[in-house]
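**Q** Based on the provided sequences and hints, a complete structural model is requested.
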Amino acid sequence: MTPILLLEQTLNGLQFGLMLFLLAAGLTLVFGIMDLINLAHGSLYMIGAYLVATATAASGSFLLGLAAGIAGCVLFALALEATVLRRLYQRDHLSQVLGTFAILLMCNEAVRFIWGAQPVALSAPASLSGPVELMPGFSYPAYRLAIIAVGLAVALALFVLIARTRLGMQLRAGASNRDMAMMMGADVRRMFTLLFGLGAALCALAGGMLGPLLAVQVGMGESVLILAFVVIVIGGIGSIHGALVGALIVGIVDTAGRTLIPILFEQVMGADLASAAGPAVASILIYVLMAVVLFFRPRGLFPATG
Amino acid sequence: MSDGPLLEVANLVKRYGGLTATDHASFAVHAGTVHAVIGPNGAGKTTLIHQLSGTIPPDEGTIRLDGHDITRMSMHARVHSGIARSYQITSIFAKLSVTDNIALAIQARDGVGFGFFTPARSERRRYDEAAAVAARVGLGGRLLTTAAGLAHGEQRQLEVAIALATGARLLLLDEPMAGLGPDETERMVSLIAALKGERTILLVEHDMDAVFRLAETISVLVAGRIIASGPPAAIRADAQVRRAYLGDEAEH
Amino acid sequence: MDSKTTSPSATDDAPANPAGPLDHPLRWQVGVPLLAALVMFPFAANALDGAFYVSLASRILILAIAATSLNLILGFGGMVSFGHAAFLGVGAYTVAILMQAGLTSAVLSFPLAVLLSAAAAAAIGAISLRTRGVSFIMITLAFAQMLYFLAVSLKTYGGDDGLSLAGRSTLPGGLSLAGDTPFYFACLAVSAMVFVAVHRLVNSRFGHALQAIRENETRMEAIGFPVFRLKLTAFVIAGALAGLAGALTANHASFVSPSMMQWSQSGMLMIMVILGGVGYLWGGVVGALVFLVLEEILSHYTIHWQFFLGAALLAVVLAAPNGLMSLLHRRPR
Chain A
100 MTPILLLEQT
110 LNGLQFGLML
120 FLLAAGLTLV
130 FGIMDLINLA
140 HGSLYMIGAY
150 LVATATAASG
160 SFLLGLAAGI
170 AGCVLFALAL
180 EATVLRRLYQ
190 RDHLSQVLGT
200 FAILLMCNEA
210 VRFIWGAQPV
220 ALSAPASLSG
230 PVELMPGFSY
240 PAYRLAIIAV
250 GLAVALALFV
260 LIARTRLGMQ
270 LRAGASNRDM
280 AMMMGADVRR
290 MFTLLFGLGA
300 ALCALAGGML
310 GPLLAVQVGM
320 GESVLILAFV
330 VIVIGGIGSI
340 HGALVGALIV
350 GIVDTAGRTL
360 IPILFEQVMG
370 ADLASAAGPA
380 VASILIYVLM
390 AVVLFFRPRG
400 LFPATG
Chain B
107 MSDGPLLEVA
117 NLVKRYGGLT
127 ATDHASFAVH
137 AGTVHAVIGP
147 NGAGKTTLIH
157 QLSGTIPPDE
167 GTIRLDGHDI
177 TRMSMHARVH
187 SGIARSYQIT
197 SIFAKLSVTD
207 NIALAIQARD
217 GVGFGFFTPA
227 RSERRRYDEA
237 AAVAARVGLG
247 GRLLTTAAGL
257 AHGEQRQLEV
267 AIALATGARL
277 LLLDEPMAGL
287 GPDETERMVS
297 LIAALKGERT
307 ILLVEHDMDA
317 VFRLAETISV
327 LVAGRIIASG
337 PPAAIRADAQ
347 VRRAYLGDEA
357 EH
Chain C
31 MDSKTTSPSA
41 TDDAPANPAG
51 PLDHPLRWQV
61 GVPLLAALVM
71 FPFAANALDG
81 AFYVSLASRI
91 LILAIAATSL
101 NLILGFGGMV
111 SFGHAAFLGV
121 GAYTVAILMQ
131 AGLTSAVLSF
141 PLAVLLSAAA
151 AAAIGAISLR
161 TRGVSFIMIT
171 LAFAQMLYFL
181 AVSLKTYGGD
191 DGLSLAGRST
201 LPGGLSLAGD
211 TPFYFACLAV
221 SAMVFVAVHR
231 LVNSRFGHAL
241 QAIRENETRM
251 EAIGFPVFRL
261 KLTAFVIAGA
271 LAGLAGALTA
281 NHASFVSPSM
291 MQWSQSGMLM
301 IMVILGGVGY
311 LWGGVVGALV
321 FLVLEEILSH
331 YTIHWQFFLG
341 AALLAVVLAA
351 PNGLMSLLHR
361 RPR
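Residue numbers (the working numbering), protein chains in the order written: chain A, 100 to 405; chain B, 107 to 358; chain C, 31 to 363.
Keep in mind that the hints were calculated from the coordinates and are not lab data. Check the hints yourself; a few may be wrong.
As the list claims (entries may be wrong) - Not the full set, but computed from the structure, chain C residues with beta-carbon under 8 Å of chain A: (1) A67; (2) M70; (3) Q175; (4) L180; (5) A208; (6) T211; (7) L339.
Positions of the beta carbon are idealized from the N, C-alpha and C atoms, including for glycine.
**A** Below you can see the structure in the form of structure tokens.
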């Protein structure tokens, strides 16, 4: 276990964590302010990735593809919100689970119908395909650095939005006390629609950016969805700040853990035991972490209310 | 039953960060009496009830029921030891009938609900008893009404009925007259008066008229401290009390 | 039977004691014909050359048990457990592992499966039930995921690839579960018994207390019910029943794999319960039935049956506020 390996894993974790943050930010605001459990959030991520892939292939430009893909995903999300999701706001959480699960199924199948069951190719832009030498003897892929840069930029933009703008103030108020915010005149309908659109844009951005690294395929949303829920629960529902902290923790622990724990185990116990226990512990680590956090802080690390 | 007081509270302390909500509160309640606790808003009356009922643990001090130390006892165990509370903000089973609401308290009293295969509804005796308790508080004609369908005053009666049905010797009534009109208040006063002797009542109330009519002993809680305890006449005359609270009363 | 709705007493002096939201009559007028039809079913299916449907029916019955066990804690107890599939997995793996060790008797493996899943539920419940709301949902999920990854890491028992069973569990006295039809009858017998047991349970003092906890947990504690103990008991019973369903699943598929315990499987069970009607006696059964039948029918017509399944579920959510059973009984839950 070398310092370089540690550094590399930390950067990988940072990169994954920031993308998780994009997903978690939308999810936590939707859950915290609109009180909507949205299992189809992962579907927006998937649809975003597919649209970016298609647009990139059509236009030949990753940047153009990204922009078009995000726009398309937002349009889809707004249409979804106006037709179906709006009817679920007033319902109890379990009904929302059923309803958004139904949408998840429909999205998966629709994507399979349009694009087929095989994964779709999405490559990083050529200009970013090489490595960058960060330190003597340590090179890191340029694309991953770009992801980190974009992730940090978006995080900053979100914080400015939340802390400095009127909309942000309404969102914070809504997260901490929805009924009060509504009574004070926040235009709820407009806010919800904007919020949902914003969440979709973030999902699509994450999907598009992670596309070259992970496979763009049907069902890609489900695995990140569960991680996103873990993140917002650790961070505190309704809190962007919490989503960032939670996402970074989950991203780094999960990514680094997968590589480092088996190595650590191998040094401590025999190779046989390590190869069996290592991966299991690495996978479980996130959940153990969440369970511990919840046990002592049931409302997460930075609860938005109170 | 021992000769001493039924409930002895000694030097109870509860702190929330920098705030001392209960500041070495001490008083004693004798069996069969109505003992009122009064005080200005924010004096810590609800916090006191929470500690007596077992909702929150005190930081220091002891609570003894009939000589037994119940300070660390869980809420549900406390009910079986003989102390039950009613709530200031009505906390009933809204979707269930009046009978069913009260029957639950009786079921709790009769022992843990571990009968797994006998239909609960077939145990008539419990529902008959529930009906009797309902009649006692004045809800005899409303047995089949859903709790949510009751008028506010009736809900407050149900609130007390549920605590009553637990069979607890000591009832902690947290502002039972909250939100009641004059007729309803009168009914509640008669109800509590009728319980005197049979049960012991610790009554937290703002309605001074009712308090002075019902209570044999009054304790005055100000900023978490009991500043005076005694019969109504003595309390009325107490200079400290007048300054701290009854003067405050005039502003209501 | 006591389970029928009690009508106001014939005697004038007895106060009326009618059934309320806490009571769930079995409606024998529906139950008995249904049971008869279910008994006839395999004979009809076999005559019409539909042996496959007997196997499907077994699967529906098994999932009805699982969904009903989840409904017990989710619907009646208000505990939204997102890790229920884990207990199915524990039960299934118990049977599979014993069989691999040469112990095939159902008389040994089934009770053991139930016992071990009950133990798992006791351990998980003891910790999870200290939390509430979203925390509870996520902690139960976390524990289930832990069990999933644990199963993946057990290379001796197939790991990620799963473990095949050499055959069905064996019964004493020469009875065999080997054919589709005998196995179906075993599933029918077990599910009928489980259903009747759950019916008695929810209508008992314990069941009333559990539902009342769902309605107002604070007041229940305040009138002297040991709420944590009651919730944990319900959680363990539900886990045990799920383990039983798991034991049957292992036999049905002759195969167990860690994916049985994934969160998506827990989600599927939840969907079935919500679809059928949370807190309704028949909710789990109806949900499992409708979900699987829809899946079966739709997949015959198109590859993209999941789309139409989703559409159907969406329609139910928008039209039936509390699941399918709520369309039949407008009783406020």
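**Q** A separate judgement is required for each hint: does it hold in the structure or not?
**A** Now for the hints, and whether the structure bears them out:
With a least beta-carbon distance of about 28 Å to chain A, the hint placing A67/C at the interface is violated under the 8 Å criterion. Because the beta carbon of M70/C sits about 33 Å from the nearest beta carbon in chain A, more than 8 Å, this interface hint is broken. Below 8 Å, beta-carbon pairs count as interface contacts, and Q175/C has one with chain A at about 5 Å; its hint therefore holds. Hint status for L180/C: holds, given a least beta-carbon distance of 6 Å to chain A, under 8 Å.
Checking A208/C against chain A by beta carbon gives a least distance of about 34 Å; that is not within 8 Å, so the hint is violated. Violation of the interface hint for T211/C is found here, the shortest Cβ-Cβ separation to chain A being roughly 33 Å, above the 8 Å cut-off. Proximity of L339/C to chain A holds as hinted, the smallest CB-CB distance being about 6 Å (cut-off 8 Å).
In terms of the numbered hints stated before, the structure departs from hints 1, 2, 5 and 6, listed from lowest to highest.
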